[in-house]
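Note that the protein sequences, when read in sequence, are chains A and B.
For the first sequence, position 84 (counting from the first letter as 1) is numbered 84 according to my numbering, and the numbering increases by one without interruption.
Start counting at 1 in the second sequence, then tack on 1000, and there's your number in my numbering.
Rather than coming from a laboratory, the hints here were simulated on the basis of the structure.
Some hints could be false.
Sample of chain B residues at the chain A side, in silico, Cβ under 10 Å [said to hold, decoys possible]:
id	residue
1	Arg-1054
2	Gly-1060
3	Gly-1067
4	Met-1068
5	Thr-1113
6	Thr-1117
7	Arg-1120
8	Gly-1142
9	Arg-1263
10	Gly-1284
11	Phe-1286
12	Trp-1288
13	Leu-1291
14	Gln-1314
Backbone N, C-alpha and C fix where the C-beta goes; we use that ideal spot for every residue, glycine too.
Protein chains: 2
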Amino acid sequence: MGQSRTRRPTIIDVAERAGVSKSTAARALAGSSNITDETRERVVAAATSVGYERNHLAVGMRSGRSGMLGLVIPDIANPFWADVARGAQDRAARAGASLLVFSSDWDPKAEATHLKTLRRARVDGAIVNPVSDNFDDLDRFGLPCVFIGSSAERFPDISSVGSDIAQAVRLGLDHLVAKGHRAPALILGPKSRLARARFLRAVHEHCIERDVDPAILAIEDGEYTVEGGRQAMRRLLDRPRVGHLAVFAANDLMALGAMMAVRDAGLDCPRDVSILGFDGIPSGEFAWPGLTTVAKPGRDIGEKAVESLFDEIQHKPEHRRIYMPCRLMERGSLADLSIAAPQRVAGAGRV
Amino acid sequence: MGQSRTRRPTIIDVAERAGVSKSTAARALAGSSNITDETRERVVAAATSVGYERNHLAVGMRSGRSGMLGLVIPDIANPFWADVARGAQDRAARAGASLLVFSSDWDPKAEATHLKTLRRARVDGAIVNPVSDNFDDLDRFGLPCVFIGSSAERFPDISSVGSDIAQAVRLGLDHLVAKGHRAPALILGPKSRLARARFLRAVHEHCIERDVDPAILAIEDGEYTVEGGRQAMRRLLDRPRVGHLAVFAANDLMALGAMMAVRDAGLDCPRDVSILGFDGIPSGEFAWPGLTTVAKPGRDIGEKAVESLFDEIQHKPEHRRIYMPCRLMERGSLADLSIAAPQRVAGAGRV
DNA sequence: AGACGTCATGGGAACGTTACCGCACACATT
DNA sequence: AATGTGTGCGGTAACGTTCCCATGACGTCT
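Turn these sequences into a full structure, and let the hints steer you where they fit.
Listed below in structure tokens is the structure:
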């Protein structure tokens, strides 16, 4: 209460109170080496009685390990990345480490600044969703690093954790086929993003396995936003088509935007148009109809990234590249053509 | 590239390269005191040439200031808290500080653990959404602290930042009245939560000012979740009523749950039931109809909390208690009875 | 019984930084 | 010419911890 402004007790205070040297006190508190039980108990008692708490700054300076990890993601306010952060945080806490979180806003300059801050703070390592193409600085100072997200593929030398896009796309397309949609239209992200290419490649592979010509698939691009999805869907609806339209969007926000565009056009989802999303953000649950989507394991990615980073810090790079499996969240945005009317299958795919 | 495993350069390396003592090097790098321009330039050149970066751990140990702040919130994966975290993070970064984020999951034990970790990490101060009623430990070690959220009111001695519930409720009720709903039903949180009492008190005051008897308002409780709101709405719909029903939910998730319950009952929002939320989470935008809500300024709260914490750290407690204004986000979940049919006003409120 | 190993403990250095003090020199003042 | 004043710089201590080595006591083996 009143003694707020006094100095925090150090190990020397503990040692004095226990009547031993600081070396002995340190040993007793560390728990391990040669110490009489009696001495250890006395030191521990002294420590709790003065309210001693080990100074991690000093430990870090002495040992070269700060016990802190850095996390640089585009935006902590984005639900997916918040989920990643949560997973990373929990995993780090379980190992007694703390997490320094920074948002780069997809800005390479901000990213560089944050990385500099992390190095100055002497974090033991960093997890980064890379925006910039240039990571010389990271290499130069030897900051152990693990990348997350699709863009990590640009850096083959660095360990990374991401979602298994191939498996996710397969999951989504299999589900579409099961519901009677053989050749869905695609709403993809901007051509500049690497994630787009990976997504498209996975779709192609799947189509070829199923003897569907990938070329017949309708494709529209847009920004990875609600508005981007809305506009892409609008263009899709403007195209000539027969029967039911199924759409696979590369991102939940786009899928939700697409849903809005369907409504704007006076059509009904899922009666006239089926929509499948990709991400698994909570908002999809509240849309009407609920958005069926392929959910990325954000939290698991965060956890695995931390584990991978620990390996990296200890110089045992067992796994260079980890892909986490996604799972399907079935809600109401897909019509089931296989039961209701098995004869009239997806628009462009047949006839 | 190859020189990864070499020791990071210290100020001594800089000093040697510049041909000065480390004191001089430190002075030159600090920028301030008596130094020839020529010497300073030489030191700065040496620093950049060896890639020197000041070790914050050492600085922290020497100065007693770690340059880090702690943030303990219920859940970083909750959109509102993520928004708070984002604001705090940005504000801290602007001041050259880093933020350590922890999620307590509304668990007092986890909260205590996180606070202990923060003290050990020697953060300069902490921002906490308090779960526990017992903060003796905080006082005892004199960790500068700022509280956020409604529950902060339990601790009158500690600075706090929160949303202005009274103003928010007034905003919501005024809007309801403007749309022709004089006496809305309320969906509130559990009786144990302080936020509930504050919300209800604000409603009462507003009603009395408007000559409406608060006792006539229908009230249902529930957990602050989608399911809680759904069940509360179900009970509300089971009650006898006349005409249009308007509902003010104390939380957006509950409001979305209520919306689902309306749909489950075969009714239409906003035709049969109007729903007003409170929080401003992004999901409200994607619901159908879009959720009209009173939005809390999460980001601003985070920023203000950091500023307040800086004041606290420097022992100038100018403002002990800050309430941030909320704003109305109008979307589609409220029927406008004032135009369409001004004669048949809200159910229980009249006649 | 003497040499040696084991074990609990104490003393000191080191991590990288900054604050303080002191020294030497230049210049202005009496 | 002797004294004060200011300025640029170097030396050293200190922050709190851990690690290494030295010391002394005790027990064991030949």
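Which numbered hints are broken by the structure, listed smallest first? Per hint list: single violation, 14.
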